[in-house]
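*Asks:* Sequence:
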Amino acid sequence: MQVSVSQSERDRRAAAAEPVRRATMRDVAALAGVSIKTVSRVINGVSTVSDDLRDRVTRAIAQLDFQPNLAASSLRRTDGATRQIALLLEDVANPFSATLSRAVENVAREHGTLVFTGSLDEEPQRELELVRAATLHRVDGIIIAPAAQDHGYLHREIRTGTPVVFVDRPPRGLVADSVLATNAEGAREAVLHLADHGHTEIAFLGDETSIATAGERLAGYRRALAERGLPERPGRVAMDLPDPETAARALAAMLDSDHPPQALFTAQNLVTIGAIQTLQERGLHQDVAVVGFDDFPMADLLVPRVSVVAQDVMRIGTLAVQRLFKRIAGDDGPCREERVPTTLIPRGSGEIPPPGR
Numbered sequence: 001m002q003v004s005v006s007q008s009e010r011d012r013r014a015a016a017a018e019p020v021r022r023a024t025m026r027d028v029a030a031l032a033g034v035s036i037k038t039v040s041r042v043i044n045g046v047s048t049v050s051d052d053l054r055d056r057v058t059r060a061i062a063q064l065d066f067q068p069n070l071a072a073s074s075l076r077r078t079d080g081a082t083r084q085i086a087l088l089l090e091d092v093a094n095p096f097s098a099t100l101s102r103a104v105e106n107v108a109r110e111h112g113t114l115v116f117t118g119s120l121d122e123e124p125q126r127e128l129e130l131v132r133a134a135t136l137h138r139v140d141g142i143i144i145a146p147a148a149q150d151h152g153y154l155h156r157e158i159r160t161g162t163p164v165v166f167v168d169r170p171p172r173g174l175v176a177d178s179v180l181a182t183n184a185e186g187a188r189e190a191v192l193h194l195a196d197h198g199h200t201e202i203a204f205l206g207d208e209t210s211i212a213t214a215g216e217r218l219a220g221y222r223r224a225l226a227e228r229g230l231p232e233r234p235g236r237v238a239m240d241l242p243d244p245e246t247a248a249r250a251l252a253a254m255l256d257s258d259h260p261p262q263a264l265f266t267a268q269n270l271v272t273i274g275a276i277q278t279l280q281e282r283g284l285h286q287d288v289a290v291v292g293f294d295d296f297p298m299a300d301l302l303v304p305r306v307s308v309v310a311q312d313v314m315r316i317g318t319l320a321v322q323r324l325f326k327r328i329a330g331d332d333g334p335c336r337e338e339r340v341p342t343t344l345i346p347r348g349s350g351e352i353p354p355p356g357r
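Position one of the sequence shown corresponds to residue 1 (full-length UniProt numbering), numbered consecutively onward.
Just so you know, these hints were derived from the structure itself, not from any lab.
It cannot be assumed that every hint is accurate.
[As the list claims (entries may be wrong)] Taking CB as the label site, the calculated pair distances span: (1) G348 x A133: 22 to 28 angstroms; (2) L302 x R172: 33 to 39 angstroms; (3) G348 x R83: 32 to 38 angstroms; (4) A133 x S47: 33 to 39 angstroms; (5) H259 x E281: 19 to 25 angstroms; (6) P341 x A133: 31 to 37 angstroms; (7) R233 x P297: 30 to 36 angstroms; (8) R102 x T209: 25 to 31 angstroms.
Just so it is clear, CB atoms sit at the ideal spot from N, CA and C, and this is done for glycine as well.
Start from the sequences and build out the full structure, keeping to the hints where you can.
*Replies:* Printed below as a string of structure tokens:
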């Protein structure tokens, strides 16, 4: 069976298959009957353009579906702003990073600014690459939860006018603004909570040793043990646990030892998840107490519900981006570190008593 196609339909299909050339400022100027300079002034919101010319240019832009090159136009602005900032985090899939990103985006939207987010994956080289990409795109500022151990390479970026605010982790080898949680105090409070419920055999499972927050939380754990006169037994501290799988294996080894712990302080949300998996697999989730650092989705739906030391991530992100916009606006005051308090949330897992009580 042969189907005939009209000439108009063939023309429509041919037109749809052809690549469409983007309209340029020259096209807009020609259609509006004005100069390219006038089009540029309208796009950049210059107030000296007459209403008649502005209307003609606006109609031409709509008719041609013209999309201005914002990167190029930023180079012509007197302030050089691109209305873009970079947000570089450990892993945007982590609940902590996702919440922080939401907070930054909320404030950036109020400033008419786009946020470009990237994951560093705890790789210093990746950090260097993404910072370099951000500066090449002339972002107005950078918020970073760093992976590198030395941030002196950012001196040049700051000197040339790109402000940097550190979040979650402090800068090293660089004086810069930072917004952090009270990591040591939060860890101390968690361990004291377990001790106050009768536990004397408390283990610590933590993140990678190279991460500043992991060290702060370990210090808080040790401080709490010292305050309660409790020993830190050999094999009760496991570090360098970057994911649930390694945390699960580390806890399994502790539980198989001659003196398994009665309680756990898990110092990062992924570590907490791995520990809970092991406890559930062994049927110990109702017997071994757990307090985790960082809340995570569904923590309050598990049995028992998971007690946590929660960071106010929205507050951390909001303070960081507000500080960044102040720097972008010209604030050249001394750099400062802000600490956002954590909150202990007892839900059940941290209140499980030791055997015999």
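*Asks:* Run through the hints listed earlier and report the numbers of any the structure violates, in increasing order.
*Replies:* Violated hints (numbers, rising): 1, 3; every other hint is consistent with the structure.
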